[in-house]
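S.K.: These are the residues of each chain, in order.
2 protein chains.
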Amino acid sequence: MSDPVVLYVCTTCRDAADPADGPRAGARLHDALAAALAARPGAPVTIEPVECLSVCKRSCTVAVASPGRWTYVYGDLDPATSADIILDGIGLYAGTPDGIVPWRERPQEFRKGVVARIPPAPVNA
Amino acid sequence: MSDPVVLYVCTTCRDAADPADGPRAGARLHDALAAALAARPGAPVTIEPVECLSVCKRSCTVAVASPGRWTYVYGDLDPATSADIILDGIGLYAGTPDGIVPWRERPQEFRKGVVARIPPAPVNA
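Protein chains in written order, with our numbering: chain A, 1 to 125; chain B, 1001 to 1125.
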C-alpha cells in the first residue's frame, strides 16, 4: 500500500485549561490519538510522542512525515476533539504520492493550523 | 566529515519593503545565501529554493535538514543581513550528531526565529 506515516505528537504542549495536577494538553492529545488509532486497525500510521516541537505558542502541535512526502507541522489543535480529524487528514495525506492534499480536501484544522511544511528529503541524501 | 545539510529557502516570502517590480524578500535571501555559500568553499551545505514553506506570516523563512538530524524551521529572517548568520548556525548544526545545538551557542536569529523542529526520520522508515 502506501508508505508508512509517522505522526509526531508534542506531549509537552500546555493549555490554559490544563488541570494543575493533571496531564498536559499535549499528553492528552497523544492519548486521544492512540485510542483513535487503535480503533482503526491497519491504518499505516505510527504515533511517536515527542518532547517539544518548538511550536510552544500554538499548542497542541503535531508533525506528519513520511518517506518521499512533504512533512507538515500543525498547531492550534484541540486535544478533546481533534484526534479523529487528524487521523482522517493523515489518511488523505497517505493517499497522495507527495503528501500534498488538495486545499479544498484538507480538514479545516489543517488549513488554519498549518505551521510549516518541509520538502521531501532528497532520495540519495 | 559530517552528513550533508540541505538548506531550503522559501523564495515566495514577501516583505513589506519589497519593491513593486523587484524580487521578493525570499528570493533576495536565496541569492544572498548562494553568494555567501560561494565564499565558503567546501561547506557541506546545499541550498534548495522552495516555493512556500507555509510560514507566510513570518517571512523570510528557511528550513535546515540533514539525514539523522532534527529538522529546524526558522522565520523572521532579514534578507539583507542574515545570510552569514544562517550559514554560521548551520555550521554549528552540522557539527552535532543529532542537529541539536546547545541553546547558548545558537545565533540570536535562530533562538527568536524558530518556527518548529521535527525529529530525525526513523532509520528504517
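Possibly wrong hints are sitting among the right ones.
Stated by the list, open to error - Incomplete in silico selection of chain A near chain B, CB under 7 Å:
no., residue
1, 47
2, 50
3, 54
4, 56
5, 115
6, 116
7, 117
8, 119
Stated by the list, open to error - Pairs of lysine-lysine, DSS-like flavour, derived with a Cα cap of 27 Å:
no., chain 1, residue 1, chain 2, residue 2
9, A, 57, B, 1057
10, A, 112, B, 1112
11, B, 1057, A, 112
12, B, 1112, B, 1057
13, A, 112, A, 57
14, B, 1112, A, 57
Since the hints were derived computationally from the structure, they do not count as laboratory data.
All C-beta atoms, glycine included, are put in the ideal place defined by N, C-alpha and C.
S.K.: Which of the stated hints cannot be reconciled with the structure, identified by number in ascending sequence?
M.R.: Those not satisfied are hints 1 and 4.
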